[in-house]
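Participant: These are the residues of each chain, in order.
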Amino acid sequence: MATKSLLQAIHDGLAEEMRADETVMVMGEDVGRAGGVFRVTQGLQEEFGEARVFDTPLAESLIVGSAIGLSVNGMRPVAEIQFADFIPPAFDQIVNEAALFYYRSNGAYNAPITIRAPYGVVPGGALFHSQSVEAYFCNTPGLKVVAPTFPADAKGALKSAIRDPNPVLFLEHKKSYRLLKGEVPDEDYAVPLDRARVHREGTDLTVISYGLMLNDVSRAAEKISVEHGIETEVVEPISLYPLDKETILRSAKKTGKTLVVSEANLEGSVSGEISALVAEHAFEWLDGPVRRIGGPNSPAAPFAKPLTDAFVPSAEKVEAAMLDLARY
Amino acid sequence: MYRYMLLARRTDERSWILNRQGKAAFVISCQGQEAAQVGAAYNLRPGHDYVYPYYRDHGIVMTLGMTPRDELLALLGRREDPNSGGRQMPGHFSSRELNIVTASAPIGVQYPQAAGTALAFKMRGEDGVVLACGGEASTSGGDWHEAMNLAGIHDLPVVFMIENNVYAISVPEKFQVAGSIAGRAEGYGFPGVAVDGNDVLAVYEAAREAVARARRGEGPTLIEARTYRMTAHSSDDDDRRYREREEIEAWRLKDPITRFEKYLLEHGVLDEFQRDELDEEVKAEVKEASAYAENAPFADPDEGFAGVYAEV
Ligand SMILES: Cc1ncc(C[n+]2csc(CCOP(=O)(O)OP(=O)(O)O)c2C)c(N)n1
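Residue numbers (full-length UniProt numbering), protein chains in the order written: chain A, 1 to 328; chain B, 1 to 312.
If you're looking for bench data, these hints aren't it; they were derived computationally from the structure. Certain hints may be false.
Taking CB as the label site, the calculated pair distances span [claimed, not checked]:
{"#": "1", "chain 1": "B", "residue 1": "208", "chain 2": "A", "residue 2": "57", "range": "25 to 31 Å"}
{"#": "2", "chain 1": "B", "residue 1": "48", "chain 2": "A", "residue 2": "123", "range": "40 to 46 Å"}
{"#": "3", "chain 1": "A", "residue 1": "192", "chain 2": "B", "residue 2": "23", "range": "55 to 61 Å"}
{"#": "4", "chain 1": "A", "residue 1": "49", "chain 2": "B", "residue 2": "237", "range": "46 to 52 Å"}
Here are some chain B residues the structure puts well away from chain A; computed CB gaps all over 12 Å [to be verified]:
{"#": "5", "residue": "16"}
{"#": "6", "residue": "100"}
{"#": "7", "residue": "104"}
{"#": "8", "residue": "121"}
{"#": "9", "residue": "132"}
{"#": "10", "residue": "149"}
{"#": "11", "residue": "236"}
{"#": "12", "residue": "249"}
{"#": "13", "residue": "264"}
Glycine included, each C-beta is placed from N, C-alpha and C at the ideal position.
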């Protein structure tokens with residue numbers, strides 16, 4: 001197994017799927033010659049040509065809408081939204097069109113498209129290059145929303161997303177692109193979209209997290225194990241919608257204490273849905289309140305460094321909340 | 001073509017009767033626009049070419065192969081409704097066999113999809129053509145322009161047909177459209193043609209040229225078919241609030257069906273006996289379809305909530 005960055009893993013996943021299936025194509029702004037603003041699609045146009053690595057005009061509704069039309073006519077498009085922050089113009093094509101094709105045609109049409117969107121706080125990204133948009137979409141039956149964190153999962157989940165007959169919104173935490181590295185299997189494999197991943201077994205509390213925060217959570221879990229003998233079970237949903245309720249509830253019932261951590265704005269968030277799920281279905285197993293950590297209810301991370309840093313929950317804050325809940 | 005126009009008209013008329021009888025909750029009508037619809041659709045190869053119709057395009061879907069029975073099953077929301085199994089309101093057409101792509105309600109969303117479908121034909125070097133239709137108000141939205149632009153950049157095999165029926169519910173064309181719709185095509189680098197949308201032969205000719213051009217790989221065409229909606233916007237609308245009766249009466253004199261009928265009679269293609277016979281035949285078909293649809297079962301309630309995700 002080779003060690004790869006998240007970015008490399010996603011790139012490789014795209015390239016392998018394109019090699020395996022000639023209907024798979026990549027489209028979006030700057031994905032061609034430039035290889036994407038983050039370089040995720042670098043080299044793909046050289047290998048697969050201009051048609052299959054297709055530079056679209058700057059028009060997000062068009063990107064998703066034409067991807068739908070391509071999928072109807074036999075293609076498997078992977079459409080890139082350059083930054084998740086620019087996805088609102090495509091919202092209608094995602095939630096009213098792609099997500100409803102199958103249901104509204106009574107099973108006659110589906111829209112097997114994948115929409116890749118880099119999200120999350122990056123230094124200097126500020127309001128319109130840092131948003132976590134997942135909550136807007138996690139209320140849309142017919143759409144799948146996945147946000148894998150680590151390279152191996154991201155590659156395998158991307159393959160599943162491309163092969164899935166439904167539209168999948170595939171969220172990539174952009175600060176993780178080069179920061180998170182991990183071993184990625186060499187052989188072809190797929191990570192199922194309907195199963196959460198238990199990264200660490202534990203008995204004292206459950207922390208459910210995704211995105212770059214998951215990395216902080218994992219570190220804190222090791223630390224408080226060594227320092228305090230507190231064993232944390234770390235669960236990553238992978239699919240934010242629909243949720244793998246079974247795995248989440250099993251863990252919540254096992255430890256009796258649940259904390260949900262992400263950098264998205266807390267109110268109306270996916271964390272809220274996870275908390276409600278645990279409160280509603282695991283109440284009798286709980287030994288403490290379900291807790292959440294997230295971003296403040298301000299639009300997104302502000303530009304100046306101290307302000308950006310203050311937006312994302314700190315590793316210390318996460319660790320303190322874990323300890324506090326464990327001792328509750 | 002005359003037969004399809006008549007079929008669309010008589011089915012539409014029957015829909016209003018079912019609405020007045022309290023059996024049909026919602027009617028969205030094609031009356032007045034049959035020439036544009038049938039004239040354009042007559043050039044397509046059903047099941048090979050793709051169509052993105054809008055909610056008034058009863059004439060298009062019937063020319064491609066949908067029947068009065070299909071239409072009335074949809075109107076009454078029955079399980080057998082081929083479009084959506086009774087899930088969507090009438091006028092949201094869909095047929096996998098006929099390549100009529102499942103339609104939505106938000107105006108204009110079909111255009112980027114149509115451009116994408118045309119792009120797939122182009123990528124594979126196939127000679128398929130895509131027809132995408134909408135009313136004049138659908139040219140006010142960004143999606144239309146985005147799709148026109150993409151089609152123009154890549155010479156996509158798509159025909160955009162705008163059925164300009166003067167009103168968008170109550171808002172007249174002059175408050176909806178700046179300049180000329182047909183004229184806009186020039187800005188996107190392909191031909192735009194304005195055609196009398198009540199003249200089925202003129203629309204047929206314009207669409208024939210547009211479809212042939214697309215098949216030859218020469219790119220898109222925009223057709224603006226000028227016509228008039230003779231009914232209210234829908235069965236929920238009262239058009240007395242925004243237009244004069246005299247205006248409708250004036251347009252009734254230009255009814256595309258009477259006009260074509262007159263042409264056929266004058267040129268000896270049809271005689272009065274044949275005309276009456278055809279009308280009887282169409283009426284009988286619609287009547288039978290109506291009886292069938294009224295007696296057809298609804299889907300079971302739980303079927304209405306299943307089938308949200310496609311299985312691998
Ligand atoms: C995005 C959106 N906004 C509003 C509506 C409500 N609406 C339905 S039809 C219509 C008028 C459309 O006019 P036009 O496109 O000219 O077609 P016509 O009905 O005149 O044939 C409106 C405003 C809608 N369906 N979609």
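Participant: A separate judgement is required for each hint: does it hold in the structure or not?
Facilitator: Now the hints, each set against the structure:
1. For the hinted restraint 25 to 31 Å between residue 208/B and residue 57/A, the CB-CB distance of approximately 30 Å keeps it satisfied.
2. Range check, residue 48/B to residue 123/A: Cβ separation about 53 Å, and the 40 to 46 Å hint is violated.
3. At about 47 Å, the CB distance of residue 192/A to residue 23/B disagrees with the hint of 55 to 61 Å.
4. At roughly 50 Å, the beta carbons of residue 49/A and residue 237/B sit within the given window of 46 to 52 Å.
5. With a minimum CB-CB distance of about 25 Å to chain A, residue 16/B clears the 12 Å threshold, and the non-interface call stands.
6. Distance to chain A contradicts residue 100/B as a non-interface residue, since its nearest Cβ pair spans about 10 Å, not more than 12 Å.
7. The Cβ of residue 104/B does not lie farther than 12 Å from every Cβ of chain A; its closest approach is about 6 Å, which violates its non-interface assignment.
8. Interface exclusion of residue 121/B from chain A breaks down, the closest Cβ pair being 7 Å apart, not more than 12 Å.
9. Some Cβ of chain A comes within 12 Å of the Cβ of residue 132/B; the nearest lies about 9 Å off, and the non-interface call is violated.
10. For residue 149/B, the shortest C-beta to C-beta distance to chain A comes to about 6 Å, within the 12 Å cut-off, and the non-interface label is violated.
11. With a least beta-carbon separation of about 21 Å from chain A, residue 236/B lies farther than 12 Å from that chain, consistent with its non-interface assignment.
12. Residue-level check passed: residue 249/B sits 38 Å from the nearest beta carbon of chain A, beyond 12 Å.
13. Non-interface status of residue 264/B relative to chain A is upheld: no Cβ of that chain comes within 12 Å, the nearest being about 36 Å off.
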